[in-house]
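*Asks:* Sequence:
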Amino acid sequence: MTHPPLEIPALQRLRRWSLLVALVAGILCALGAWIDPDRFFPAYLVGYLFWLGISLGSLAIAMLHHLTGGGWGLPIRRILEASYGNTLLLALLFLPLVLGIQTLYPWARPEVIANDELVRQKIRYLNVPAWEVRAAVYFVLWAALGWLLSRWSAQEGPPGQRRRERRLVRLSGGGLIVWALAVTFAAVDWVMSLEPHWYSSMFGVLFMGAQSVSGLSFAILAASLLQSEPPWSSTLTASRLQDLSSLLLAFVMFWSYASFMQFLIIWSGNLPEDTPWYIHRSRGGWQIVAALLAGLHFAVPFLLLLQRRIKREPRQLIRVALLLLAMRMIDLAWLVLPTFSPGRFALSGWLLVTPLAIGGFWLSAFAWRLSIRAAIPVYDPAHARTTE
12 MTHPPLEIPA LQRLRRWSLL VALVAGILCA LGAWIDPDRF FPAYLVGYLF
62 WLGISLGSLA IAMLHHLTGG GWGLPIRRIL EASYGNTLLL ALLFLPLVLG
112 IQTLYPWARP EVIANDELVR QKIRYLNVPA WEVRAAVYFV LWAALGWLLS
162 RWSAQEGPPG QRRRERRLVR LSGGGLIVWA LAVTFAAVDW VMSLEPHWYS
212 SMFGVLFMGA QSVSGLSFAI LAASLLQSEP PWSSTLTASR LQDLSSLLLA
262 FVMFWSYASF MQFLIIWSGN LPEDTPWYIH RSRGGWQIVA ALLAGLHFAV
312 PFLLLLQRRI KREPRQLIRV ALLLLAMRMI DLAWLVLPTF SPGRFALSGW
362 LLVTPLAIGG FWLSAFAWRL SIRAAIPVYD PAHARTTE
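Going by my numbering, the sequence shown opens with residue 12, and the numbers climb by one from there.
Hint data in this document are derived by calculation from the structure and do not stem from the laboratory.
By construction, the Cβ of each residue, glycine as well, lies at the ideal position given by its N, Cα and C atoms.
Each hint should be verified, as a subset may be incorrect.
[Stated by the list, open to error] Within a straight-line C-alpha distance of at most 25 Å, the following computed SDA-like cross-link-like pairs (lysine to any residue) qualify:
(1) LYS133 - ILE112
(2) LYS133 - GLN273
(3) LYS133 - LEU106
(4) LYS133 - SER212
(5) LYS133 - ARG326
(6) LYS133 - MET213
(7) LYS133 - ASP200
(8) LYS133 - PHE214
(9) LYS133 - ARG120
(10) LYS133 - VAL199
(11) LYS133 - VAL144
(12) LYS133 - VAL347
(13) LYS133 - LEU192
(14) LYS133 - ALA147
(15) LYS133 - GLY111
(16) LYS133 - HIS208
(17) LYS133 - TYR210
(18) LYS133 - LEU99
(19) LYS133 - LEU75
(20) LYS133 - PHE274
(21) LYS133 - VAL123
(22) LYS133 - ASP285
[As the list claims (entries may be wrong)] Here are the simulated distance ranges between beta carbons:
(23) ALA357 - LEU110: 18 to 26 Å
(24) GLU176 - PRO140: 35 to 43 Å
(25) LEU31 - ARG135: 16 to 24 Å
(26) ARG27 - LEU358: 24 to 32 Å
(27) PRO241 - PRO48: 43 to 51 Å
(28) LEU110 - SER239: 23 to 31 Å
(29) TRP163 - PRO353: 46 to 54 Å
With the hints as extra help, turn the sequences into a complete structure.
*Replies:* Okay, structure coming up:
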């Protein structure tokens, strides 16, 4: 038994308007891929990684909640499920990157392979067929994990409840390992290999922390905006908001630690194949972006989320979550775009259009998924404690 799905007008409006924006922006994207591929595809990669990060971060947080239990995950469980339920949609939206592979990745161009000895040494791994097969494997793994978690979570009820809980715990334990490995290899394939001479052993860890920030920020934002609607009006209590905010603070600190340690290791090593990556991102205006990330992705959220009053107030948390999501987009632009304009700050209008196109489809599907399933599982132990 579960609460019946609720008809929430805000979700219906979000679904319609997001789809409309996606269709208009999608037409512009098709035009951009044709007339301006050199600037379009890097911008598309940034927008794509932003929305993928929310889905994959939601998947990791859902598995973390199944492993640890606790009331903190009750108000956001269905939000997380609706987020990572978009994995197959994101697999479809990955196709433009396949079409633009030679524009994005030097190792995919025959003339680069012919003239670059280091790229030739990596060609057994960095080649188009292998890259495409690995991408397919990542999406199969993420989609399979999400489908099993969502299916078993939806079956909650008194008969067989303990068995289902144990099954979810076992799946989540192994699933987090699979998720971490797939995210690491995907980060290498899709972002690190933009500059095939450069490498970092911290890069996968950096993306894991970043996606956790994205997923939880979006979940807190969605739950806080829906707080006036039942059942969130009764389940999103101040104490649970505080728990969620404390977890978000931990993810922000983890991302900051991974970012700083990567910089520290490369700076102290001072190797000629490593340092150019940071040089490209510390000149010509990109150093201002790096300073913004240090201040607004770490320092400001860190100080805000230390305050108990802010952690228990939905309106304040909406601002913090929006700030972190905005900084996630800026961080991805800082990671990707300097490859195509090293040492020179350059942005294009496609950086606005592509996230709108991908995000419009993503949000429309999210709103639909959230509206067709019961918002709160009645037989969750945390729900039972709430209603006692």
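*Asks:* Next, verify each hint and record whether it holds.
*Replies:* Hints versus structure:
no.	hint	result
1	LYS133 - ILE112	holds, 17 Å
2	LYS133 - GLN273	holds, 22 Å
3	LYS133 - LEU106	holds, 24 Å
4	LYS133 - SER212	holds, 16 Å
5	LYS133 - ARG326	violated, 50 Å
6	LYS133 - MET213	holds, 19 Å
7	LYS133 - ASP200	holds, 12 Å
8	LYS133 - PHE214	holds, 18 Å
9	LYS133 - ARG120	holds, 13 Å
10	LYS133 - VAL199	holds, 13 Å
11	LYS133 - VAL144	holds, 17 Å
12	LYS133 - VAL347	holds, 21 Å
13	LYS133 - LEU192	holds, 20 Å
14	LYS133 - ALA147	holds, 20 Å
15	LYS133 - GLY111	holds, 20 Å
16	LYS133 - HIS208	holds, 10 Å
17	LYS133 - TYR210	holds, 12 Å
18	LYS133 - LEU99	violated, 30 Å
19	LYS133 - LEU75	violated, 35 Å
20	LYS133 - PHE274	holds, 24 Å
21	LYS133 - VAL123	holds, 12 Å
22	LYS133 - ASP285	holds, 16 Å
23	ALA357 - LEU110: 18 to 26 Å	holds, 23 Å
24	GLU176 - PRO140: 35 to 43 Å	holds, 42 Å
25	LEU31 - ARG135: 16 to 24 Å	violated, 46 Å
26	ARG27 - LEU358: 24 to 32 Å	holds, 30 Å
27	PRO241 - PRO48: 43 to 51 Å	holds, 48 Å
28	LEU110 - SER239: 23 to 31 Å	violated, 43 Å
29	TRP163 - PRO353: 46 to 54 Å	holds, 48 Å
The structure is inconsistent with the numbered hints 5, 18, 19, 25 and 28, although it conforms to all the rest.
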